[in-house]
Amino acid sequence: MNRLKQLKPNDILSSTAVKSVISLLIALLIGGVILGVSGYNPLSCYGAIVKGSLLSPSALINTLVQMTPLMFTGLAFAFSSKSGLINLGMEGQMFLGGLAAAVVGGLDLGLPMIIHLPLTILSGMLAGGLYGLLAGLLKAKFGASEFIVTLMLNYVATFLCSYLANGPLREEGSLMAQTKTVLPSAQLPELVGGKNLTIALILGILLCVGIHLFLNKMALGYEIRAVGRNQIASETAGININKVTLTTMFVSGAVAGLAGVSMSLSGNNRFVDGATAGYGFNGVAIASLASHNPLAVILSSFVFGALRTGSLALSMTQRIQPEFADMIQALVILFVAMPALLTGLKIRKRRAK
Amino acid sequence: MKKLNWRRLVALLTAVVLAVSLAACGGGDGGTSDSGSGTGDNDLKIAVVFSSSGLGDKNMNDMTYEAMLQAEEELGISFDYTVPPTDNDIEMAARMYVEDGSYDCIFFIAAATGEACKNLAAEFPDQKMMWLDGDVDLPNVCSISTFWPEQTFLCGVIAGLGTLSDMEKANDDNVVGCILAQEQPFLVSGTIGFEAGARYVNPDVEVLHATIGSFTDPTTGKEIAVSMYEKGADFIQHIAGGSGLGVFNAAVEMDRYAFGVGSNQNDIEPDYIVATSLKDVKTIVYNQVKALLDGTWEPGLMTIGMKNGGTGYTTEGSNVKIPDEIIEAVEEIKQKVIDGELVLPSTREELEEFLANNKYEK
Chain A
3 MNRLKQLKPN DILSSTAVKS VISLLIALLI GGVILGVSGY NPLSCYGAIV KGSLLSPSAL
63 INTLVQMTPL MFTGLAFAFS SKSGLINLGM EGQMFLGGLA AAVVGGLDLG LPMIIHLPLT
123 ILSGMLAGGL YGLLAGLLKA KFGASEFIVT LMLNYVATFL CSYLANGPLR EEGSLMAQTK
183 TVLPSAQLPE LVGGKNLTIA LILGILLCVG IHLFLNKMAL GYEIRAVGRN QIASETAGIN
243 INKVTLTTMF VSGAVAGLAG VSMSLSGNNR FVDGATAGYG FNGVAIASLA SHNPLAVILS
303 SFVFGALRTG SLALSMTQRI QPEFADMIQA LVILFVAMPA LLTGLKIRKR RAK
Chain B
36 MKKLNWRRLV ALLTAVVLAV SLAACGGGDG GTSDSGSGTG DNDLKIAVVF SSSGLGDKNM
96 NDMTYEAMLQ AEEELGISFD YTVPPTDNDI EMAARMYVED GSYDCIFFIA AATGEACKNL
156 AAEFPDQKMM WLDGDVDLPN VCSISTFWPE QTFLCGVIAG LGTLSDMEKA NDDNVVGCIL
216 AQEQPFLVSG TIGFEAGARY VNPDVEVLHA TIGSFTDPTT GKEIAVSMYE KGADFIQHIA
276 GGSGLGVFNA AVEMDRYAFG VGSNQNDIEP DYIVATSLKD VKTIVYNQVK ALLDGTWEPG
336 LMTIGMKNGG TGYTTEGSNV KIPDEIIEAV EEIKQKVIDG ELVLPSTREE LEEFLANNKY
396 EK
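So the protein sequences, as listed, match chains A and B.
Going by the working numbering, the residue at position 23 of the first sequence is 25; the numbering climbs one at a time, nothing skipped.
Going by the working numbering, the residue at position 84 of the second sequence is 119; the numbering climbs one at a time, nothing skipped.
Any given hint could turn out to be false.
No more than 25 angstroms apart at the CA atoms, straight line, and that leaves these computed lysine to any residue pairs for SDA-like [as the list claims (entries may be wrong)]:
#1 A:Lys182 x B:Phe221
#2 A:Lys143 x A:Leu132
#3 B:Lys93 x A:Arg321
#4 A:Lys197 x B:Asp139
Per label pair, the in silico range of CB-to-CB distance [what the hints assert, rightly or not]:
#5 A:Leu193 x B:Leu104: 34 to 44 angstroms
#6 B:Pro160 x A:Gly49: 28 to 38 angstroms
#7 A:Ile150 x B:Asn343: 37 to 47 angstroms
#8 A:Pro186 x B:Thr382: 32 to 42 angstroms
#9 B:Lys204 x A:Leu109: 51 to 61 angstroms
#10 B:Asp170 x A:Val194: 42 to 52 angstroms
#11 B:Asp135 x A:Gly145: 51 to 61 angstroms
#12 A:Arg227 x B:Pro220: 47 to 57 angstroms
#13 B:Asp170 x A:Gln233: 35 to 45 angstroms
#14 A:Leu193 x B:Glu387: 24 to 34 angstroms
#15 B:Thr338 x A:Ile150: 48 to 58 angstroms
#16 A:Pro186 x B:Phe159: 17 to 27 angstroms
No wet-lab data here; the hints were simulated from the structure.
None of the values given here were measured: they were computed from a predicted structure.
Think of the CB as a built atom: it goes at the ideal place given N, C-alpha and C, for glycine as much as any other residue.
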């Protein structure tokens, strides 16, 4: 209680957690205004979103299902941001990870699950990781902007996957451009039967914690953060910038690849061309809301998972399209990316002094 | 002073909250039908699950939506629909409807929704379902597929005769084209139908084929169409949903002809679209609703073709003048298909066989 009293309003405002929450609230408020102007009752809409995403066991499960890939892509973006790199290639890394997992998972090697499943997961991570590494290499060797390179590589990856799913890897006689289903020995075990909720959720939470510890407790993690804070000072201090760049991009890509893996090895247990489009880019919003904190990614992916599920549920009975969730996401990014809005309040306060 | 600023912030937020509530009240009147459902005169309630391509495709999805609106108005049923943000969410969305338990029938629209339909139909055998443009044999599913060659054949005939004719935008090259969204077997058979039509009446014509890879990418659709026109094609049939709108843009830019597909698309570019390979999804869906209402609805496999009037061609709404002798020839050939004199091919092997066995005589 004493500590709380000592906290000055300015401290509270500058706390990143509060900043995120305020951004989310403002985004929700504006979303509500837009709903209201469009002739809907915002309160009943938000009520339907909460009900459809949290208030029943199956709603909650749907939220957790949605949250799983979002957590991976959010973590991937948050991680790369720690070293000052912007990995916008999560979409492509996710596609490649998903396709690689579907291919390796579909190989009938007679392996038991305890070997086949990890092998499949690793192949997806490797595919995403190597693709991230490609952008890292271009950055380290030629100084190419990873921002542009990763963004453009998304097209290469998604079109490549589309070609493979339409062509050589296509399931025979299928109506859709999709691979054949992976073997049972490579399918992620379900936490709840028949609901697509798999152990990937737990894996993701552990990974968030793991990356948090790695960044804060290990030397390489420290180096990554140091480079993110001040590259020139870090270089002077003897940190190998290229090593940090390559490591960051590889790990970030591998984590984004896991998003694809989690979707290819659950549900229909296959890679379907284009079916997961958008989850990669959503990672940016997740990470922004989490202020690039790996632990907070768990919470923020839950929020966005609930928003996605809730808006889908909302669209089922009210003629509001699920793009509403995208709009809220965009607003959140807008406000999180507008620190000036909150610092502005601070400056005025100082002047008032 | 500090406190004052806090108050200001709180006041600001309160103001926004009030504004929202006001907006809520304002919206209240318009929002009496807020629930979107339950407005009907009878108890029939239907849920429609689209694929992520969504509304605005000027095609199957839009036609389904129109049919549902018409049924809502004329038959007094109520319906809800959803467009999942990605195809990965289709099953979750459909499951929400099924688990809700209040829907008499769930309509699945487009091939991408098929897997969800199959899974849920097996899991919930008491829930009636309808899948449009697919074939699945389950006791609670009415699965409607199109015999695509009969949809595109007649426009193929127009193209085959048109490219030789002195129509205004036709060139000297004996080349026509067909652009596909994705290599789905049904759609591929549509390209075969088009080629069959063109080569049946014009054995030497070269039919170009290309695939866009997406139903929602008009930009790529346009690029492909432009390159086809540059290769000498003067008529292009698209089977590409929303991507097909790009083909029409290309037709305008290159001053050539195109064919619509699905619902009558002629009025999109009436000076360039010669005709549409029609599929009357609207009537099909409407009749499904009606059958549910009358209690005559039955699960099973249904095929739409020329014989039951589900497919055909239309020039209505187009300003392009097709020579009378071409229209006469098309009508004659159409009758032959309906009479069963011509059995259309749906694969490449069948196509060659069809062309070898059926010679067109003027």
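With 34 to 44 angstroms as the target window, see if A:Leu193 and B:Leu104 comply at their CB atoms. Holds, since A:Leu193 and B:Leu104 (Cβ atoms, about 41 angstroms apart) stay within the stated range.
Given the hint of 42 to 52 angstroms, is the C-beta distance from B:Asp170 to A:Val194 inside that range or not? violated, 32 angstroms
Could you see if the CB distance from B:Thr338 to A:Ile150 stays within 48 to 58 angstroms? For A:Ile150 against B:Thr338, whose Cβ atoms are near 50 angstroms apart, the range 48 to 58 angstroms holds.
Is it true that the C-beta distance of B:Asp135 to A:Gly145 lies inside 51 to 61 angstroms, as the hint says? holds, 55 angstroms
Proposed proximity, A:Arg321 with B:Lys93 (alpha carbon, max 25 angstroms): holds, 19 angstroms
Assessment of proposed distance window 35 to 45 angstroms (beta carbons of B:Asp170, A:Gln233): For A:Gln233 against B:Asp170, whose Cβ atoms are near 59 angstroms apart, the range 35 to 45 angstroms is violated.
Is 51 to 61 angstroms respected by the C-beta to C-beta distance linking B:Lys204 and A:Leu109? holds, 53 angstroms
B:Phe159 and A:Pro186 - C-beta distance against the hinted 17 to 27 angstroms: Hint holds: Cβ distance 23 angstroms, inside 17 to 27 angstroms.
Go ahead and decide if the range 47 to 57 angstroms is satisfied by the Cβ distance of A:Arg227 to B:Pro220. At roughly 53 angstroms between Cβ atoms, B:Pro220 and A:Arg227 fall inside 47 to 57 angstroms, so the hint holds.
Restraint status (C-alpha distance of A:Lys197 to B:Asp139 at most 25 angstroms): holds, 23 angstroms
Pairwise hint evaluation, A:Leu132 against A:Lys143, where the allowed Cα distance is 25 angstroms at most: Judged against 25 angstroms, a Cα distance of about 16 angstroms means the pair holds.
Is the Cα-Cα distance between A:Lys182 and B:Phe221 25 angstroms or less? Given pair A:Lys182, B:Phe221 holds - Cα atoms ~19 angstroms apart, limit 25 angstroms.
Of the numbered hints given earlier, the model fails hints 7, 10, 13, 14; all others are met.
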